[in-house]
Structures are given as structure tokens and as C-alpha cells.
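Chains as they are written, first to last, in my numbering: chain A, 1119 to 1445; chain B, 17 to 384.
Calculated directly from the structure, the hints in this document are not laboratory data. In this text, a Cβ means the ideal position worked out from N, Cα and C, and glycines have one as well. Among the clues, some could well be false.
As the list claims (entries may be wrong) - Computed Cβ-Cβ distance ranges for the label pairs, DEER-style: (1) B/368 - A/1313: 17 to 23 Å; (2) B/279 - A/1319: 58 to 64 Å; (3) A/1374 - B/149: 45 to 51 Å; (4) A/1337 - B/374: 47 to 53 Å; (5) A/1257 - B/213: 27 to 33 Å; (6) B/76 - A/1138: 30 to 36 Å; (7) B/260 - A/1138: 41 to 47 Å.
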Amino acid sequence: MAKMTMAQALNLALQQELAQDDRVVLLGEDVGVDGGVFRVTDGLIDRFGEERVVDTPLAESGIAGMSIGMAVYGLRPVCEMQFSGFSYQAFHQIENHAARLRWRSQGRLSVPMVLRAPYGGGVRALEHHSESREAYYAHTPGLKMVIPSGPRNARALLVSAIRDPDPVIFFEAKAIYRAYREDVPEEEETLPIGQSRKIREGQDLTMVTYGAMVRPTLAAAEELSRKDGIEADVIDLLTVAPLDDSLFTASARQTGRVMVVHEAPRSFGPGAEIMARLVEKSFYYLEVPIARVTGYDVVTPLFSREQHYIPHADRVREAARQMLGEG
Amino acid sequence: MPRKKINITEKIETLSILDAKGVVDKKLEPSMSDQLLLDLYRAMVLGRRFDERLLALQRQGRIGTFPPIAGQEASQMGAVAALREDDWMVPAFRETAAEVWRGRSLESVILGNNGCAEAATIDPPGTTMPVSVPVGSQMLHAVGIGWAARYRKEDKVAMTFFGDGATSEGDFHEAMNFAAVFQAPVIFLCQNNHWAISIPRSKQTRSRTIAQKAVAYGMPGIQVDGNDILAVYSAATEAVERARAGRGPTLVECVTYRMQVHTTADDPRRYRSDEELEGWKAKDPIQRFETYLQRKKLLTKKKIAGIEEAVLAQIQAAVDNAEDLMKTMGDPLDMFDHAYAEMPASLAAQREELAAELAAAGKEGADG
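Same shape as in the complex, but just chain B (with noise of 0.2 Å):
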């Protein structure tokens, strides 16, 4: 046999609609009605201010340590905008605006960053994951959420977040390599903000880009620019109908940018320049979004100046009304709830240890 070229032919496209500027290729604008529009623009908004109160909130020591979404408002809004409500959502830990326009309660985020289980019960969501903190690890819940789904021949599709990192991760090769094998209904939506902590994306993989790893696996992949909801909803759109089509999974790659720390217990000017920064601020999402919504008459001053004013409410009631509910929380003997459908004599045994150290607090508290 000579050495010869294999022909692989896919070809890996970036895609972009609204650049810095606002400035729309009218040509690949997609179709989204103005209420649609709106709420997105709400939604990101809403996400820009929710994390600033929450780093507000934390820096006064009122809840813990939390991981900021500013910047990263148009990848996730534009993917989970594609989906339906039955669909279901598997993130990782930095969707929160995807989460919220989930269903996911505010009061539920700031109980779940103050150190408060209760937080799942609030207006739990029906079909969206809980966050998942080891990275990577989720991906593979949506393959196996996806491959049920099909299985019950059922049209629902899954999407899973990760992040520029998580593909470093044994398990982005496991759910991608499951997932093409299987066709299973799955939109990978990666979330290359640039930076795992301190380890930029350069560090993470040699590839060009993410979204050619997909050809390996043998489904399509698309690079767009994360910080343009209209590519990205364009984009999930496509890979959302492919899945629900059962012509099986997609990778798509959004270029976005962390603006913020990576928890507030990070320091960035540690391993990242201010000059970068600055350089990102330019492309910021939500102020293309403005401008693209004012230039078609969606938006005036007056009515964005509503929008913050409406957002800021919810924020202050929503954190008021959380506040007030940890009032009522927190009963230590809870930690023994859930952790079986049944509880084991062995573990009632040490709730029961845990319960009589309380009472004698608490009669110690009274008594002195």
C-alpha cells in the first residue's frame, strides 16, 4: 500500500452576525421575534447585574464564594434560547443567566452560593441539571439524558456546558466520543472564555480550535463568536433542530471572554493583563445587543433605563426575600436528608448523635 493523503473533508466555520459595533450581516440574521429580543436583552442584563450584586453581596461577606458570569451573558443566553422548555439543560457551574431564564429562582442562587442546600428546592427547574462542579464531569449526564430521551422516542434534546478547560478533561472525549457513537441528541456548548483559572486556552489544547475536535468524533463543530447572541442562537438553533432531527450531536465552540475572576476567591492580575481586558471590554455582548436592538427601534434610552430599574428591583426583592428565608433555614439535621430514599437505621443512629449534641446546645445556650 503507497502513503497516501486521507481526504477528510469536513471543514470547521466560524461564524459571527453582530459584530463589536452592533453592525448586523443582515444576510445571516436569523429570525427571532422582537419579543423574543427583548427578553433576551432582559435576560442579559439581568445576568450582568445579578453577578455584580452577588460579588457585592460576597465582598460583604453575605454570602460565599461564587463564580461571576460577566462577559459570557450572549453564549449561554443565545444557546439555551434555542431550546425548548421540555429540552433539557446540563451545566456546569457558570450559566447562572441560562439558569435563571431556566426557571431557576434568583433566591435559589444566592441561597446555593451561601452554603444553603435548600437552595434545589426553591422553584426547583423541571428539566435543567443542578450545577455541576467537577469539571468536565456533566457531559456525559446529557449523552445518557439525550440517549433515554430517544430511547422513550421522545423529541426532547440535551445541551451540556463546559468550558475551554473541560475539554482538557478525560470525559469531553468519553460524552463526545458516546455521544456520535450512539447519535444520541446532544448539544455540546463550549464555553471557550479563555481562561481555567489561570491556564489560558493556549495551555489547554495545541488545537487551532476547539471546534474542530469534533471532526475526530465524527460530528459537526462550529466556532462562533460567543460575545454575538445572534451567532450563537443561530448556531445552537441549527445543532438543537440536527438533534431533534436523530441526526445526533453537535460541538459548539463560543469565542467568549471571562471579564470577571474566576471565583471571588481568584486574583487574576496574578496570571492576566489589563491590557486583555480592556481589549475585551470592547467586544462586550450586551452592548452590541443594545445597540443592534436600538437601531431597530426595540429599544430607546427611556426603555433601557426601564429595563435596569425593573432588573435592579427583582435583584434587591429576590435578595431581600432570600435573606428573609435563611432566616428560617439551616437546620443542621438536614444534612441527613436525601442522601437515601430510605434512611439506614446505621445513619438515623447519627442523626439521632447529632440531634441530642443540638439539644444540649441548646439547653446550655438557655441555661447561661
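Same shape as in the complex, but just chain A (with noise of 0.2 Å):
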């Protein structure tokens, strides 16, 4: 096991997919040379050759499209769009054809891409580049949509993502990339998409959360036990979609008390669907409203701002006593 960044694990991951599996090829802006700008595909041209690293012009539609002609030609292409917030001159690509070409063709043509993207806030960059807008790709009958929460479930998911048979959106947290070190084991790793993890136990109320807001819900959760005498189950999708309401569902009927924390805006948001299967599925179980802890529905404000946008451990925590009426 070494300990390695976000980065670094996914960096294996597609090094390794790329060594046993010639039908992966990766494409993308400055993925090749440069290593991509987040250093995701460092050296992996050096070893794989440009044949297999395609550095592209810069066009996202072009990308996103491309990939899906290899794909179904009968290639595993991994495109990177260089943050989440430039996909949307992709999403037609995504929407009309990555999403749609397996029923189309009533199973006859597959598109088995993976269109990685680095997605949210928390490093100080430019307009356009925090944005965190996951909800698109998981309204997207056809897709499926990942997000990872620390190394090692990311290199777990990205291999799970490449040899999946079907279009996967792959979510990759800015502010998590190089934020900390996880024992990531050089072996072969595989987590099954649409399965969400429980990562920590907890009786008094439940928290379902994902991505980069794991780390601030499950700091959230500690402080609630250490000063507040609260006790938190959390659960980390993994998947946003489909969704896995498997655990928070069965978490719900033993607390009763649900709070969902995400970084995308809140109406319509991720939060808005965990919600209402709870409220389908599980209504007489709750004993207060769920409670949302979200970014709020304005643009992703530029960077002074966004420690006061994005949720943080307070703010969960606050948000979790109020819940205990403690507040």
C-alpha cells in the first residue's frame, strides 16, 4: 500500500487500465504532454505513447463526440473535460447520443465512455471553474454519474467506470485532489457503481452526503459526538445516479432524522430526489422535516465568496443540532 493524493490514485488507475486493456485510450485538453492540469494523466503519455494520450484541440463537443464514435467502435475512451464547468458545450454530445445510442439501437450499439471532470469549489480558481452541477448528468436517463469522496474509492470507481458497458459522468473533487493521503493499494481495486458505503455509525439522526462534502460532514459528525453527545450515521453515495436509497433508507427508519449535505444548489439538486424517496418510501418513520445543508441556488460565487457558498463542518453541525432541537 502507498499513500497516495486523489490525484495519484487516479493517475493509477488509468495507468493501470491502460497497461491491460488496449481498448483504452485517453483524450483530452493538455492530457498528453502537459499531464493535464491537474496533473491527473501525469507521464501516462510517456509510457503509453500519444497513440493512446491524445492530446485534442480544444473543443469540448469535439472530445465528448469523438469518444463516442470510438466507443462504438469498440474502444473504452476516457475523455477529460477540463473542468465540469465547460462540459455544458458538450452536454448536447452527452444528452443526444452518449445517453441514448444503447436504446436507439435497441442494444445493438454501446457507448462504454467515461467523461471525467473535476467539479466544485474550494481552490480559489476563476468563474466557471467551481461549479458543481451534477444533477444535469443525473437527470440524464442513460448515464450514470459517480463522484468519489477520497483515493481510494476514486481509483476503486474510475476502474469500476472504464469497464462499465454503459456512459459514465466521473466527478472528480477539486478540493480533494491533493488535500490528503489514503494507503491505496497497488492491486487491482474495484467498487461496484450504484452502491452507496455507510462510513461512519450513528443512532441519533442521518447524514447522506458525497464528493467533497464527505470530509466536512463526517468533521461535521465528530464534532457532534465529541461535544454534543450526538451520534451520526453517514452515508457517501458514491453514485448519484442511479441512485442507491438502499442505506439511507434503512438508515432513516432507525433515526428518524435525515439531513442531506451537497455542494450543488439546492432546489432540484441531489438533495431535492433523496428527499423525496424518503418521503415515498419512508414518511411514517421520520420524526422531524429532513433537512437540506446545500450550496444556495445563485452562481458559483467567485472565490472571496465561496467559504460562505460551499457547506462547511459549522454549518453542518449547526443545521444537525437544530435537527436535535438543540439548536
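Two chains, two frames, some hints: make the complex.
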């Protein structure tokens, strides 16, 4: 086991998949010689050559559309959008074709591609570089929307995404690319797409979160335990769509109190779907209204204000205290 | 640095071999077997008659909206005739005759135009993509396919179709640019039919030709008389050979005319004149090809009548067959199929929901 940042762990996943499957090809802006602006593809062009690690012209629709053709031909393209905020220029390719070709051809064709994109704030970037708009993709039938929360699960999920027979949108939280290191095994490791994970046990309330928000949520849970005597059950979704509601449903039925934490804007965000599922399936188990701690319904603010936009541990803790009548 | 002219040497050619009266330019006449010529003639007639039948079916309410191809038979048939069976065709949505040439059944076309997803399952063509409705978006897929073929060291090429309207889309630019940068084996086949619904070619672009746009991307471009199947075949063959030999993409602009409505939901009288249409009728692609074949002694009046009869019988059989097939189709639950390789639990639950609704409705119907 080596201690790795999430960027290094993702690099390991790409490296191993490139090595063991010649259908895998990487493409995107600056992914080759430059190794990607976040260095996720660092060194891969040296090892695998420009046939496998392709620097493309600067055009998101071109990258996504070309990947679709490659996938139809039988390759496993892993394309990178330099920032998720630029992926909207490829959205029509993803929505109109990647998500639909299996259905349109009634199973004759498929699009086993991965679209990787850094998402979220916290790195003091420019406008368009801090968005958290996973709901666009999660709302699109035919896609899978995966968001890992740390080095080890990022590596395992990326391997699974590359091997998945359907298009996977893979969001990588910029804020945790290099925030900390974790043991990542050298030997192959995968995680099933479409399965959430319980990452903390508690009986007083349920916290549902994913991606970059896992850390502040866990930090809040620890504080609540230490200072308030409140024990939170914490669920990391890992896959936003298709949404695995099994763990948070079971947990909600135990605790009767649920909070959803995400960085994305609140209205029509992933939290809305999570709440809807809880209301549909577990209404009579709920003791208090479900709470949402999320980004606000505004343009993601520039970085001098982003610390007040992105949910942080104190905000999560305060919402939990109120939920338990201690606020 | 002084201000100087950059010497751009590329010139754009326009090619015409068989004129509107069916007179051939012997020097340019492509070498094509008698069988191929006759097969293409039959395919063009089939395309035209099938179009007419579909139009009638639509007016009778037996199929939904569809985009006719009339007038564009030479553009599309001349182009796909230059492909090998294992090459890829990446169509837009007005290439029905070419799709049929590549193996798509008439039944599949009828079903597809009548809202049945099962259309994709009847004689599915191997290396032909399904039609793509969002204008221009399919060209990039051809680039990916061509790139992948070269990556696999296979000598297949990809030919993608689009219209004059699509050249205004950003994806046209991105696809042309990517194909040229990667020297992908792609043939960009523009059917310039002069109208994007109500917008004339002159309002799509100020370029004198569409073919010249190739110059900016660093690829060859050629304009051809799109109603002249010999010219289209020659230009397409040249482009296919270039792509197969690893010398990159080509843009072929076929100048043709949409003699029918954009789709059956459209009324062209709102935006174009009868005179214009009449003018193009005189340049009909099938008529001139027929004259050419008659002069070559490949066709006689009797043979033509035989082909017409056989084509109409083929269409009638397909209509009957499709209407029979449709009686066995249309299980609403199949909308859940092929969303993913494996159905997610949440989707399975929604499928159950509809199944229960259908069962209840069925019971009600039986009880009522």
C-alpha cells in the first residue's frame, strides 16, 4: 500500500487500465504532454505514447462526440473535460447520443465511455471553475453519475467506470485532489457503481452526502459526537445516479432524522431526489422534517465569497443540532 | 514586417459528368460495372417510389412524420456506392435510400417513421449508425469511428452525411477540425439541398461554396453536381481512396435540391416558389441517369417498366409486412429496455409501476 493523493490514485487507475486493456484510450485538452491541468494524467503519454494518450484541439463537443464514435467502434475512451464548468459545451453530445445510443439501436450499439471532469469549489479558481452541477447528468436517463470522495474509492470507482458497459460521468472534487493522502493498494481494486457506503455509525441522525462534502460532513459528525453527544450515521453515495437508496432508507428508518449535504445548488439538486425517496418510502418513520445543507441557488460565487457558499462543518453541525432540538 | 499576401494555393473544383439532359462527358466518365450502374438505378427508383409511398401512408395517418428524400437520390447513392460494406456510414436523417442500400430494411424505415423503437431490431445494419436527428451532431461520431479504425490498423473509413444547414453548427467546425488534425479517414458528405426548412442556403453562409470551407481546415474539398450520380460517385470514390490510403479526410459538397417538404409537418409554399421547384425538376437525378443508361443500352422502356413494377411490389410487400409486424409490437414496457446494459433497481421499480397500471387497465377492459 502506498500513500497517495486522489490525483495520484486516479493516475494509478488510468495507468493500470491502459496497461491491461488496449481498448482504453485517453483524450482531452492538455492530457498528454502537460499531464492534465491537475496532473491526473501525468506521465501517461511517456509510458503509453500519443496513440493512447491523445492531446486534442480545444473543443469540448469535439472531445465528447469523438469519444462516442470511438466507443461505438469498440474502444473504451476516457475523455477529460478540463473543468466540469466547460462540459456544457459537450452536453448535447452526452444527452443526445452517449446516453441514448444503446436505446436508439435497441442494444446493438453501446457507448462505454467515461467522461472525467473536475468539479466543485474550494481551490480559489476563476468563474466557471467551481461548479457542482451533477444534477444535469443525474437527471439524464442512460447515464451514470459517479462522484468519489477520496483517493482509494476514486481509484476503485474509476476502474469500474472504465469497465462499465454504459457511459459514466465521473466527477472529481478539485478540493480533494491533493488535500490528503490515503493508503491505496497497488493490486487491482474495484467498487461497484450504483452502491452507496456507510462510513460512520450512529443512531441519532442520518447524514447523506458524497464527493467533496464527505469530509466536512464527517468532521461535523465527530464534533457532534465530542461536543454534543450526538451520533450520526453517515452515508457516502459514491454514485449519484442511478441512486442507491437502500442504505439511507434503512438508516432513516432507524434514526428518524435525515440531513442531506451537497455543494450543488439546492433547488432540484440531488438532495431533492433523496428527500423525495424518503418521503415516498419512509414518511412514517421520520420524526422531524428532512434538512438540506447545500449550496445556494445562485451562480457559484467567485472565490472571495466561496467559503460562505460551500457547506462547511460548522454549518452541518448547526443544522444537526437544530434538528435534534439543541440549536 | 511588411503587409503581404499569404499565398493560399488550394483551389476548389466543381465537377459535373452527366448533364441534366443525360449527356455524359466521356473524358470524366467513371469506370463502373454495368451491374453496379443498374443496381444504383434500381436503388434510386426504389428510393423515389418508397418516398412517394411513405408520403401517402403519412397522409392517410398510417405512419408519423418523416423526411422525404426526393431529388437527393444521386447525392446519397453515388456516395455510399463508393463505400465497402464494412466501412461505416454515419447518417443524418435524410439518407433513407442510402441506408436501404447499406442493408436497412424498408420495414425498419416504416416502423421507425411510425414511432416504433423496434425498427432498430429488424435486419439491423452492421456498420451503419442509426439516424441522428440533432443537426450536425453526428459528424463527430464519424471522426471517432475513423480514428478508432486507424488505431486498430484497419483500413475502414467513415462517411458522414449532413446538409447545408448543418454547416452552420459548431459541431461541423469541430468535426472538420478534429478530422483534419488527426488525419482521420472520414468523408464529409454534404447534401446541399438549398433549404434548411425555410432558410435558404444563402442565409446559412456567405461562403461562395460549402466545399471551400475545407481549405480552412487543411483538407481537400470538392463541389459536385449532386444530381449527377456519376460525378458524386467519382468524387466520393476519390475521397474514400484518399481516406483509406491514410491521407486524411475530404469534404464533398453535393449541390442538389430538396424537391419535397422538409418533413411531412412542413409547408414549403410559405417560403419558396413553384418556379424554383420546376427549375429543379428539369434537373432530376433519376431522369438523366435513366437517359444515360438507355443510351448505354443498359435500359430499355420494357426493362424500366419491369424495374418499376418490381420496386412497387417490393414496397407493397414491405408495407404489408410492416403493418403485420406492428400488430405484434408496441409492448409499452419495452421502453425500459436498453436504457442500460443492466436495469438499475430504481428503474425496475418504475417498470413494475407501469406493468401494474397496464394490468389494471387490462382487467378493467375485460370487466367492462
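Taking the hints in turn, this is what the structure says about them:
Separated by about 21 Å at the C-beta atoms, residue 368 of chain B and residue 1313 of chain A satisfy the suggested range of 17 to 23 Å. Evaluation of the 58 to 64 Å hint for residue 279 of chain B and residue 1319 of chain A yields a pass: the beta carbon distance comes to about 59 Å. Here the CB-CB span from residue 1374 of chain A to residue 149 of chain B is close to 48 Å, well matched to the stated 45 to 51 Å. Here the CB-CB span from residue 1337 of chain A to residue 374 of chain B is close to 49 Å, well matched to the stated 47 to 53 Å.
Restraint check, residue 1257 of chain A to residue 213 of chain B: a C-beta distance of roughly 30 Å satisfies the suggested window 27 to 33 Å. Taken as a hint, the range 30 to 36 Å is violated for the pair residue 76 of chain B and residue 1138 of chain A, whose Cβ atoms sit roughly 57 Å apart. A C-beta distance of roughly 31 Å is found between residue 260 of chain B and residue 1138 of chain A, which places it outside the suggested range of 41 to 47 Å.
Taken one by one, the earlier hints fail for this structure at numbers 6, 7, listed in ascending order.
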